[in-house]
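J.: These are the residues of each chain, in order.
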Amino acid sequence: MATLEFSHVGKSFGSVDVLKDIDFSIGDGEFLVLVGPSGCGKSTLLGIIAGLGSLTTGSVLIDGQPINHLEPKERDIAMVFQSYALYPSMTVADNIAFSLRMQGMPKAARMEKVRDVAELLQISHLLDRKPQALSGGQRQRVAMGRALVRNPKVFLFDEPLSNLDAKLRVDMRTEIKKLHARLGTTIVYVTHDQVEAMTMATRIAVMKDGIVQQFGTPDEIYQRPANTFVATFMGSPSMNLLPGVADDGGVTLADGQRLPIPGRGDVLVGLRPEWFTPLPRGDQPEGAMLATVEVIEPTGPDIYVGLRLGGAEVMTRLPAGTDIRTGELRAFAVNADKAVLFDAETGVAL
Amino acid sequence: MLADGVSCRGVAAHLRRALLIGVLVIAALMYLVPLAAMLFTSLKSMPEITGMAGFESNTILTPPRAPTLAAWGEAWSRACISVECTGLRGYFGTTIPMVTCAVAISVSIGAVNGYVLSKWRFRYDTVIYGLMLFGCFIPFQIVLIPIARVLGLMHLSGTMAGLVFVHVAYGITFTTLFFRNFYVTVPDEIVSAARMDGAGFWSIFLLILVPVSGPIAIVAVIWQFTSIWNDFLFGASFGGANARPLMVALNNLVNTSTGTKAYNVDMAGAMIAALPTMVVYVVAGRYFVRGLMAGAVKG
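These protein sequence lines are chains A and B, in that order.
Heads up: the first sequence is residues 1 to 350, going by the numbering used here.
Heads up: the second sequence is residues 1 to 299, going by the numbering used here.
Because the hints were derived from the structure by calculation, they are not lab data.
We put the beta carbon where it would ideally sit given N, CA and C, even for glycine.
Careful: at least some of the hints might be erroneous.
What the hints assert, rightly or not - Result set (DSSO-like, lysine-lysine): computed pairs, CA atoms no more than 30 Å apart in a straight line:
no., chain 1, residue 1, chain 2, residue 2
1, A, Lys177, A, Lys167
2, A, Lys107, A, Lys130
3, A, Lys73, A, Lys167
4, A, Lys73, A, Lys20
5, B, Lys119, A, Lys130
6, A, Lys20, B, Lys261
7, A, Lys130, A, Lys73
8, B, Lys119, A, Lys73
9, A, Lys153, B, Lys261
10, A, Lys208, A, Lys130
11, A, Lys107, A, Lys167
12, A, Lys208, A, Lys177
Said to hold, decoys possible - Cβ-Cβ distance ranges computed for the label pairs, FRET-style:
no., chain 1, residue 1, chain 2, residue 2, range
13, A, Pro88, B, Cys136, 45 to 53 Å
14, A, Asn163, B, Val282, 40 to 48 Å
15, A, Gly104, B, Pro187, 21 to 29 Å
16, A, Thr56, B, Gly240, 53 to 61 Å
17, A, Glu175, B, Val210, 46 to 54 Å
18, B, Trp202, A, Thr56, 52 to 60 Å
19, A, Thr56, B, Ala161, 36 to 44 Å
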């Protein structure tokens with residue numbers, strides 16, 4: 001149970017800055033997800049929290065106390081690694097008990113703790129096996145057990161689900177979330193998968209090029225992205241960005257249609273795929289947008305409909321069964337209240 | 001047409017197979033013929049070897065007509081080495097501890113070196129590794145005089161301890177290379193996980209890396225055992241009269257025979273001296289191959 005604070009954290013290798021002025025904090029019991037494309041510095045930041053990597057400037061604080069100078073084992077932090085990093089020569093029970101053994105806990109006491117954790121993770125029947133004889137999902141559980149048994153202040157997860165198949169990944173996602181709800185321990189979770197970020201986090205830090213692009217709740221990040229990178233990285237299909245020119249009355253798109261969103265200068269209008277609703281054929285009220293239907297992709301619950309609108313390609317998400325045909329010219333109601341305007345030059349939200 | 005094509009291909013396949021087997025048989029004979037000659041000679045009596053009356057048609061590869069272990073017994077316990085006529089027997093008792101110590105120490109140090117050079121970053125670590133690698137290529141002959149001087153300063157000249165020291169110093173370059181390349185294939189995340197679990201430098205090595213080192217340890221042990229057991233140059237140069245390893249003794253046995261050369265005793269002595277390495281290969285050979293392959297294919 002702990003708060004976690006990054007105070008102007010920076011790291012550079014020679015002249016290359018891999019992390020620049022990371023500065024935010026999370027409260028006790030929060031689930032922070034660091035998300036971003038590969039090479040954005042999220043794993044480096046996680047390594048700094050763990051004490052496996054050093055920082056160049058700033059400091060990391062747990063419960064208000066700087067931990068920069070502490071060895072990994074002195075930080076009271078447990079980590080689940082991407083490759084699980086199980087000790088190959090030890091049984092599952094010995095793997096889970098290893099940290100307790102290092103603390104000098106007597107064998108009987110640590111075996112009791114191992115049994116409790118194994119029960120929680122439903123791996124009691126695997127305790128005598130070696131990691132080699134486990135499936136990917138089972139190894140994942142053992143890796144989590146190894147972290148859980150220590151009852152640390154903070155859990156770190158480094159892309160723990162990326163080696164699992166799609167179905168198992170969704171199951172484990174739910175389980176980690178349940179575990180967090182049950183234990184209430186502060187978690188820092190690194191992933192490149194924006195769906196994992198959205199579904200699990202209480203706070204998300206979207207990173208790119210060593211800079212935190214936006215820090216906020218999943219809802220804030222999704223509804224009010226701070227720039228075009230966040231807008232397109234979070235959400236699938238990603239947010240549509242339509243170029244246009246804004247004035248006090250609204251935005252004029254490339255094909256002359258107008259959206260009633262006041263602004264100034266060259267802008268990009270950010271519209272989420274689900275903010276579009278097709279209107280009945282022949283109906284074209286004030287404020288509706290005309291678009292040509294280019295492609296229809298059914299996914300089951302939804303259909304993704306590609307439109308040509310305002311001189312750009314636009315992806316929309318409509319409920320399955322929507323009456324729509326490829327090639328037709330159709331009017332759409334657009335939820336302009338939610339639209340986000342970005343400066344066309346800098347990509348920053350206005 | 002079609003049938004001809006098939007049978008043609010069949011014949012070609014058979015020919016290829018015959019050629020392959022033929023080459024393998026020839027290669028096997030190249031190794032086995034000298035061994036057979038040694039074995040046969042060691043089981044013959046001297047008249048039979050030298051082709052005296054009754055044995056005129058004999059060659060070196062003729063099987064012994066009346067096999068006898070007399071030469072083996074002679075080489076084992078009665079043959080003259082320098083001025084002592086006690087056979088090779090006594091030299092096992094001094095050489096085996098020397099080789100065992102040298103192998104154990106050089107393999108242990110190599111394992112620790114390999115661990116440090118693969119799992120811990122420090123200043124100039126790649127330079128140190130490069131120098132270690134370079135050590136593998138230094139010919140024995142150029143270091144003889146410096147080693148003699150060093151042993152003299154250490155008061156280890158002419159002792160088994162001195163020989164152990166020389167073999168360890170020379171062996172750690174190879175064992176370090178073996179272990180370093182093996183440990184590189186162990187994921188770094190395992191070491192990170194152990195550090196977070198509270199394990200220190202030695203706990204990580206002893207509890208996590210050593211238990212998975214079996215294959216490479218066997219390679220290192222066989223390599224070191226064979227080269228130290230078979231070493232003649234260091235033994236002859238630094239052993240002196242008091243610390244003479246088996247290989248030097250064998251050389252002296254062969255060279256000090258007076259009168260007629262006792263080929264059968266020489267051959268028996270050579271085979272006795274080679275037996276330990278053969279035993280090691282037979283017992284650990286398959287692990288040796290497995291260890292050489294370890295890391296080559298990710299399993």
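J.: Which of the numbered hints above does this structure break?
T.: 3, 6, 9, 10, 11, 13, 17, 18, 19
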